[in-house]
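Chemist: Use the sequences and the hints to build the structure in full.
Residue-level listing of the chains:
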Amino acid sequence: MLNKEAFFGEAFKRLPKELINKIKNKKIGIAGAGGLGSNIAVTLVRSGIEDLIIVDFDKVEYSNLNRQYYFYKHVGMYKVDALCQQLKNINPYIEVEKHNIYLNENNFDIFKNCDVIVEAFDKAINKEKLVNYAIKNKKYIVSGVGMAGDYSANIIKTKKFGKYLYISGDFINEANEDNGLLASRVAITANHQANIILRLVQDKYEV
Amino acid sequence: MNIIINGENKEFKSKITLLELLKELDLSDKPIVVELNKEIIIKEKYNKELFSGDNLEIVTFVGGG
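Chains as they are written, first to last, in the working numbering: chain A, 5 to 211; chain B, 70 to 134.
Hints were generated in silico from the structure; no laboratory data involved.
Just so you know, even glycine gets a beta-carbon here, dropped at the ideal spot from N, CA and C.
Among these hints, one or two may not hold up.
Residues on chain B that point at chain A, a partial pick, calculated with CB under 10 Å [as the list claims (entries may be wrong)]:
no.	residue
1	Leu-94
2	Lys-99
3	Pro-100
4	Ile-101
5	Glu-104
6	Lys-107
7	Glu-108
8	Ile-109
9	Ile-111
10	Lys-112
11	Val-128
12	Phe-130
13	Val-131
14	Gly-133
Keeping only pairs whose Cα atoms sit at most 25 Å apart, straight-line, the calculated DMTMM-like set for lysine to aspartate or glutamate is [claimed, not checked]:
no.	chain 1	residue 1	chain 2	residue 2
15	A	Lys-142	B	Glu-108
16	B	Lys-107	A	Glu-210
17	A	Lys-161	B	Glu-108
18	B	Lys-114	A	Glu-109
19	A	Lys-164	B	Glu-118
20	B	Lys-107	A	Asp-207
21	A	Lys-127	B	Glu-113
22	A	Lys-161	B	Glu-77
23	A	Lys-164	B	Glu-104
24	A	Lys-142	B	Glu-104
25	A	Lys-167	B	Glu-118
26	A	Lys-167	B	Glu-113
Modeler: Here is the structure:
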């Protein structure tokens, strides 16, 4: 196994140089380790992010394998444990603070030391609550809104609202019985979110 | 009075607060976030009066993730 310095030199030599310099000591908090959260975490770790807080209450189910970054062997595991395993299989030297709890207004302060908060919940009401928390506490927050169905990938975009809020998605398509979730559109939305996060940690605020 | 809502011009006959407008659009009980002239308005300030030319962006959160 490569030591940390040798690994970083090899693994991240194709990353943009400016990113490598600015990304150090940046802490990202991910609320939800489902389709959005698991894919976002993987992209962030591949991009050199070393310090993450991941929060989810749920276990991996077979019905998650169509879009979430888990494998058959993870079914039955807590998502935070399974995701941590996935991430350490990419970069064994990352720091992950994992919380196996249900997030609500009483424990959002878990994220108080994060540079960016990632809203990766499933339920609309929880999305709203975390976005409100972040705005009131002047924290950058990147939310995912509208990714269900098999509609065009080209309607998924990232928009900025006020100073602290960025939203990725098509803004319309809700997941329900008639509108299922596809790995393609979920991962596109997740990576839209990851992309603006990777810009924010470099003090690039335009989408 | 003309207010731009999600890029579309809407005419209002009389003065209106943000909360009244959200009620009229049937959005007051929905999970939303509101941006007024490029600033987010938190729920506690929905009593704010709107003025002609105001530019509103209203995002309704939808489930999926």
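Chemist: Going by Cβ atoms only, is Ile-111 of chain B closer than 10 Å to chain A?
Modeler: Check passed: Cβ of Ile-111 of chain B comes within 6 Å of chain A, closer than 10 Å.
Chemist: Is the hinted pair Lys-161 of chain A and Glu-108 of chain B satisfied, with a Cα-Cα distance of at most 25 Å?
Modeler: Between Lys-161 of chain A and Glu-108 of chain B the Cα gap is close to 20 Å, so the pair holds against 25 Å.
Chemist: Decide if the proposed pair is consistent with the structure: Lys-164 of chain A and Glu-104 of chain B, CA atoms, cutoff 25 Å inclusive.
Modeler: 10 Å, holds
Chemist: Any CB of chain A closer than 10 Å to the CB of Ile-109 of chain B?
Modeler: 4 Å, holds
Chemist: Given Pro-100 of chain B as an interface hint, is the shortest Cβ-Cβ distance to chain A below 10 Å?
Modeler: Holds. Min distance 4 Å.
Chemist: Could you check if Glu-108 of chain B really has its C-beta closer than 10 Å to a C-beta on chain A?
Modeler: 5 Å, holds
Chemist: Would the pair Lys-167 of chain A and Glu-113 of chain B pass a check requiring their Cα atoms to be no farther apart than 25 Å?
Modeler: 18 Å, holds
Chemist: Tell me if the interface restraint on Ile-101 of chain B is satisfied: Cβ within less than 10 Å of some Cβ in chain A.
Modeler: With Cβ-Cβ at 7 Å, under 10 Å, it holds.
Chemist: Check whether the Cα positions of Lys-107 of chain B and Asp-207 of chain A lie no farther apart than 25 Å.
Modeler: 19 Å, holds
Chemist: Would you settle whether the hint for Lys-107 of chain B is holds or violated, based on the nearest Cβ-Cβ distance to chain A being less than 10 Å?
Modeler: 7 Å, holds
Chemist: Can the restraint linking Lys-127 of chain A and Glu-113 of chain B be considered satisfied, given a maximum Cα separation of 25 Å?
Modeler: 22 Å, holds
Chemist: Go through the hint on Lys-112 of chain B and say holds or violated, using the shortest Cβ distance to chain A against 10 Å.
Modeler: 7 Å, holds
The structure is inconsistent with hint 1 alone, although it conforms to all the rest.
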